[in-house]
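Undergrad: Those sequence lines, one after another, are chains A and B. Take 1 as the starting number for the first sequence in my numbering and just add one per residue. Take 1 as the starting number for the second sequence in my numbering and just add one per residue.
Because the hints were derived from the structure by calculation, they are not lab data. Just to be clear, a hint being listed does not mean it is correct.
As the list claims (entries may be wrong) - Reference listing, derived: stretches of chain A covered by chain B, where coverage requires no fewer than 3 residues with Cβ under 8 Å from a Cβ of chain B: (1) 11-21; (2) 29-38; (3) 52-65; (4) 223-229.
Glycine residues also receive a C-beta, built at the ideal position from the N, C-alpha and C atoms.
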Amino acid sequence: MEATTVKSGSKVLRHKHLLGLSTYSVEEISLILETAKEFRQILERPIKRVPTLRGFTIVNLFFEPSTRTRISFELAEKRLSADLINFGGTGSSLSKGETLRDTAQNIEAMKVDMAVIRHQSPGAAHFLTRCIKGSVINAGDGSHEHPTQALIDLLTISEHYQSFSGLNVSIIGDIAHSRVARSNIFALNKLGAHVTVCGPKTLMPAQIEKLGVNVTHRLEDALDVCDVAITLRIQRERFGASLVPSLREYHAMYGLTSDHLERNQNLIVLHPGPVNRGVELDDDVVEHERAVILDQVTNGVAIRMAVIYLLAS
Amino acid sequence: MDALDVQRTIRRLARQIIESINSDDEVAIVGLHRRGVYLGARLQSLILELEGISVPLGTLDITMYRDDFRSGLKERKIRSTNIPFDVNHRHLVLVDDVLYTGRTVRAAMDAVTDLGRPARMQFLTLIDREHRELPIRADMIGRVVPTISREEVMVQFNEIDDRDGVWLVEREQ
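Pulled out of the complex, with its shape left as it was, chain A reads as follows (with noise of 0.2 Å):
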């Protein structure tokens, strides 16, 4: 008797972790859209949770500030009803002293089954892995990846677009310090899209090409042939007021306004948040209806909600 089974995609991610999307593959990333799509409808229902996850303990660290993300994360935990442990960095051991390895040991002592984590550190999620049995989702760790909100930037687009082949992206703001702009390069390339990176000289990385992306400092060239422009904080906390002469000054060559929407109309504008208003995007574009960023917002849940579903076991 000759089996008849029906191969469609691929069903399970191949990785135990999410610390970055350099490592993950084509099939791996729409796996993850896909679900987040069905994830998206329950988020619609009455009853906006489901039972998958009863009895299976996440911990949030979170040893930077962060409140949408650490909400969306908790959220996404509470909609698949697991058990969640949230963990700051102020009043809590970490002021005490504490290093992360202990920090990691205890809750690994603690039996839990997932650790999301917000470093201000590159590799910081990495370093987790080899503390902890369970699963670790990077969520940030300095300026190296935030592979999340690169996935809810991807459902974001392909909610406007068919698909990323040929798809021209903008990533524009402070290239270097961004781990949201690594992400997404690496995703975007992968998925066939056309990325280029714009920003002033000071806030772009050397090398950046290497990654295969078209680079411009200017801003017009960016967005007169794009059809995505994701723009990116302006992170005054990463760095000191050198590198920018002014935030008045960086408007005036980066900001958005609604003369560019005016001039390209297919363009959609994406922000990772929160907005600097005046600064990264002008009131009327953060108002304007190919601005995007509420719905990141809401994608954000779903997006969270199948990552933890697809890695748990």
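Following the hints, complete the assembly by docking chain B onto the known chain A.
TA: Frame of chain A, contents of chain B only:
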């Protein structure tokens, strides 16, 4: 069962659904992924053909409600749940190809309950292979096939397998 047997049986099941409908009932069919969805669609068009009654059809994925989630699933893919009607006060007929342990039906009932409160839920299966592990029974059964656990019931439908039929297969160890 060959193609003709399968088609005849589905026809009978469609008549049974019609029979169970009270005049003031609002009936809807909910197919469970994957093959219950195709079975549900066939029942829907047969009911229309036989009685001229148009019954809405929904699809349900129960992956997230399974009780063996943590013991490791081979497949993590979630298929679409699409219930294009209000389940409150409905008479729902849940449809699947094979009834075995009853755990899928248990999960399906939980999933439906999260969507609302149907007036009544019934369960229809093409094959009942016995070996229940939960106190669950089918209201409408195509055929009862006593099996041993080493065997597997393979149901195939034209829509995805290019043929209709039911086979008893020995599971590879």
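Undergrad: The region 11-21 of chain A covered by chain B? Criterion: 3 or more residues, Cβ-Cβ distance below 8 Å.
TA: With 3 residues in contact (Cβ-Cβ under 8 Å with chain B), the coverage given for the region 11-21 of chain A holds.
Undergrad: Within the assertion that chain B covers the region 223-229 of chain A, do at least three residues meet a Cβ-to-Cβ distance smaller than 8 Å?
TA: violated (count 0)
Undergrad: Report holds or violated for chain B covering the region 52-65 of chain A, Cβ cut-off 8 Å, minimum 3 residues.
TA: holds (count 4)
Undergrad: Do three or more residues from the region 29-38 of chain A put their C-beta atoms closer than 8 Å to C-beta atoms of chain B?
TA: That given contact holds, which follows from 4 residues of the region 29-38 of chain A lying within Cβ reach (below 8 Å) of chain B.
In terms of the numbered hints stated before, the structure departs from hint 4 and from no other.
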